[in-house]
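Protein chains: 2
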Amino acid sequence: MTTEPLRIGLAGLGTVGAAVVRLLDQKRALLTRQCGRPIEVVAATARDRTRDRGIDLSGVQWLDDPVAVAQADNVDVFVELIGGDGEPALSAVKAAFSAGKHVVTANKALIAAHGVELAAMAEEQGVLLNFEAAVAGGIPVIKTMREAMAGNTISRLYGILNGTCNYILTRMEDEEIGFEEVLAEAQSLGYAEADPTFDIEGNDTAHKLAIMTSIAFGTRIAADDIYLEGISNITLADIRAARDLGYRIKLLGVAQKTDRGIEQRVHPTMVPIESQIAQVDDVTNAVVLETDLLGALLMSGPGAGGEATASAVIGDVADIAKSRPGRQHGPALGTPAKELAPYEKARMRSHEGGYFIRFLVRDEVGVFAAIAQRMASAGISLQSIVQRDDPDSPDHASKAIILTTHATMETSIREAIAAIESDGHLRGAAQVIRMEPAG
Amino acid sequence: MTTEPLRIGLAGLGTVGAAVVRLLDQKRALLTRQCGRPIEVVAATARDRTRDRGIDLSGVQWLDDPVAVAQADNVDVFVELIGGDGEPALSAVKAAFSAGKHVVTANKALIAAHGVELAAMAEEQGVLLNFEAAVAGGIPVIKTMREAMAGNTISRLYGILNGTCNYILTRMEDEEIGFEEVLAEAQSLGYAEADPTFDIEGNDTAHKLAIMTSIAFGTRIAADDIYLEGISNITLADIRAARDLGYRIKLLGVAQKTDRGIEQRVHPTMVPIESQIAQVDDVTNAVVLETDLLGALLMSGPGAGGEATASAVIGDVADIAKSRPGRQHGPALGTPAKELAPYEKARMRSHEGGYFIRFLVRDEVGVFAAIAQRMASAGISLQSIVQRDDPDSPDHASKAIILTTHATMETSIREAIAAIESDGHLRGAAQVIRMEPAG
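Quick mapping for you: the protein sequence lines, in order, are chains A and B.
Note that the first sequence covers residues 31 to 469 in our numbering.
Note that the second sequence covers residues 31 to 469 in our numbering.
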């Protein structure tokens with residue numbers, strides 16, 4: 031066995047980058063035993079050279095720009111931890127491929143935006159593009175889909191892919207506190223950004239979902255063509271009503287093959303309280319993969335955090351350390367980039383599933399019947415109907431009506447609700463939450 | 031890219047073997063796209079050549095013995111699906127290695143008994159020994175431990191590794207029927223063998239646990255040195271008491287690093303009802319891996335069944351198809367076989383954890399106090415104490431006393447129970463069930 035080290039050039043020394051450097055040093059003996067050769071960081075770059083990161087960079091060549099690291103003669107693998115879907119990450123990764131280097135990245139934005147192009151470059155050069163850390167942090171979902179599930183045909187996948195949202199929803203349910211208050215708490219704990227929009231409106235989930243969808247269905251990545259609904263309008267009333275019906279509310283990313291194309295959607299979802307995914311709490315992530323051979327495979331674990339993300343990066347690097355230059359590699363997106371099919375979007379209005387609908391109505395005779403009639407006219411089959419006092423209306427001037435439906439077309443739901451709203455009985459807009467897994 | 035097919039020689043055409051042959055044919059286009067070359071079964075053998083398995087073997091060379099298949103010149107990978115820890119599987123796998131072939135096997139008994147020796151042979155020859163299907167069926171736990179978790183230090187792992195036991199325990203709880211009745215039902219459904227001993231007494235779980243322990247801790251496989259307790263003495267009364275306390279009973283295999291060595295144990299276990307592992311029902315398997323970098327990673331999915339097991343075999347074969355002869359491989363057991371440390375067993379009496387103890391006692395004054403006194407004398411800190419009517423004693427001549435303890439040494443529990451039994455208040459033996467995860 032060769033004992034030549036695998037030489038890493040690393041760009042980006044934030045939390046994850048610093049953890050990678052520290053762990054490659056701390057775990058050197060273990061990794062050498064596992065990989066048959068040492069892994070060494072030989073070159074690095076970051077925006078700020080002088081910051082104290084608590085890591086020893088004394089043996090590491092400092093270069094001033096990521097492209098220089100990616101192209102350095104003594105680098106075998108370029109590890110991109112800069113982030114962002116544009117420069118300087120994109121040019122640096124391309125430079126690495128042009129120089130015949132393997133690339134490991136944790137950059138979901140980059141893969142979501144440019145994954146097909148980058149996979150094609152890697153395949154042309156016969157090098158690896160590994161990005162386990164880009165999806166669901168420490169959960170090995172890319173490896174599982176790309177390698178372990180060879181030969182499986184995936185029909186649906188869904189997951190809790192954003193720790194911030196899951197933390198907020200968990201706390202709202204456990205502590206009975208409203209969205210805004212929990213968000214502020216999450217921000218003070220560092221679980222949510224100062225501007226949380228990207229997380230709570232589902233964009234982050236969508237990036238990760240788009241990458242998984244491509245691998246699952248052999249289609250080109252379509253991160254900008256995803257139905258998106260965040261959690262900012264989920265109220266305690268929704269969470270309580272869900273619990274009363276035996277459900278929890280989770281922000282899921284769902285990708286599903288239908289005969290109308292592929293559905294990619296991110297939205298708050300009612301999941302049965304006794305399902306495994308309902309037990310995934312706080313910042314933990316989870317992914318469920320449904321295939322013809324395996325039925326359902328669930329994986330849950332840390333979706334973020336410096337060490338968990340660094341672990342995924344190191345796993346990707348270790349796979350390269352165990353391989354030899356010139357070996358044949360599996361394609362980065364499971365399917366060779368040139369053979370990826372176009373993404374055909376299934377329109378959301380033709381989505382079929384169960385729905386939870388909560389109306390606040392004036393407490394007047396005939397309202398309940400009018401709503402029931404509108405649902406019936408739209409051909410919607412109801413699973414349950416509950417009418418109760420509106421806890422936020424102590425004068426009993428309004429009531430809450432909560433419906434759940436059997437599998438129904440989204441377009442029927444939208445029609446029925448538009449009709450009900452035009453009838454003038456509602457106080458405020460109807461709340462609609464999809465239910466999953468349907469059927 | 032080479033388009034030469036990867037050529038498979040397959041021994042054993044039971045449910046799994048037939049599924050592998052069928053799926054390699056059905057999924058040929060998909061696998062070729064994923065692996066960059068076709069996978070073809072070129073030689074096969076089984077005890078009975080003539081049986082109708084619903085598969086097409088017309089292009090496959092039939093050989094009369096597994097060694098011949100393993101050594102055949104046109105075979106690149108020997109797939110061993112014979113089963114059993116002895117002959118003919120063992121000699122055939124060794125013959126394959128001697129001939130420089132890769133081996134894929136689903137044979138947990140073989141790996142549990144001879145895994146270290148076989149891993150050493152594979153490493154000497156520079157070929158792969160893949161055995162994903164041997165542990166937890168379709169769940170990619172070996173790949174995750176061997177590859178994705180590179181650099182992680184595992185502290186504990188536990189899992190539901192036997193579908194038969196989990197089916198029985200789930201049905202007992204859901205349907206409130208006793209062990210014997212559910213077992214008979216499981217047998218009629220094909221979920222339990224005619225002689226179910228190997229499953230229900232925990233031996234099957236122990237085999238899988240021993241393999242995972244070796245990979246997790248870099249120690250030699252010690253399948254015969256595992257504390258073993260099956261589920262045959264779990265009663266409905268235990269299950270009901272567990273539920274009342276907020277627990278479910280699962281048969282877990284647990285491996286844990288302690289400062290006294292490694293604990294390997296298989297026993298019925300009380301798990302908190304809101305934990306993810308408590309929601310793993312019926313024949314589904316699950317594994318939890320606790321590491322320094324990832325915290326806890328949970329995977330659940332099908333632990334058995336022809337297609338799920340075949341999927342794991344095909345994943346292993348696909349990994350080989352993507353590689354090239356002569357590449358450097360990661361060691362079969364994660365650590366090079368020659369560097370595996372000896373297994374140092376932590377004695378069960380020094381196990382520390384929570385305990386559930388159920389006594390049936392004569393309904394006499396002072397019994398409760400006597401039991402409490404014995405527990406206190408042994409230094410055991412109680413978490414909860416419940417006394418109730420014994421539902422099986424309608425004359426109220428006996429009561430049930432149910433205790434749960436804080437973390438306690440097993441030796442203290444054994445002492446206390448021996449003392450309580452010698453006091454003569456008990457009707458029947460005490461029931462002791464460990465609680466996990468402790469702390």
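Just so you know, the hints here were simulated from the structure itself, not pulled from any lab data.
Take the hints with a grain of salt, since some may be wrong.
Stretch-level coverage of chain A by chain B, calculated; a stretch enters the list once three of its residues show a Cβ under 8 Å from a Cβ in chain B [to be verified]: (1) 55 to 65; (2) 157 to 169; (3) 257 to 263; (4) 316 to 328; (5) 362 to 369.
In this text, a Cβ means the ideal position worked out from N, Cα and C, and glycines have one as well.
To see whether the hints hold, each was checked on the structure:
no.	hint	verdict
1	55 to 65	holds (count 6)
2	157 to 169	holds (count 3)
3	257 to 263	violated (count 0)
4	316 to 328	holds (count 8)
5	362 to 369	holds (count 4)
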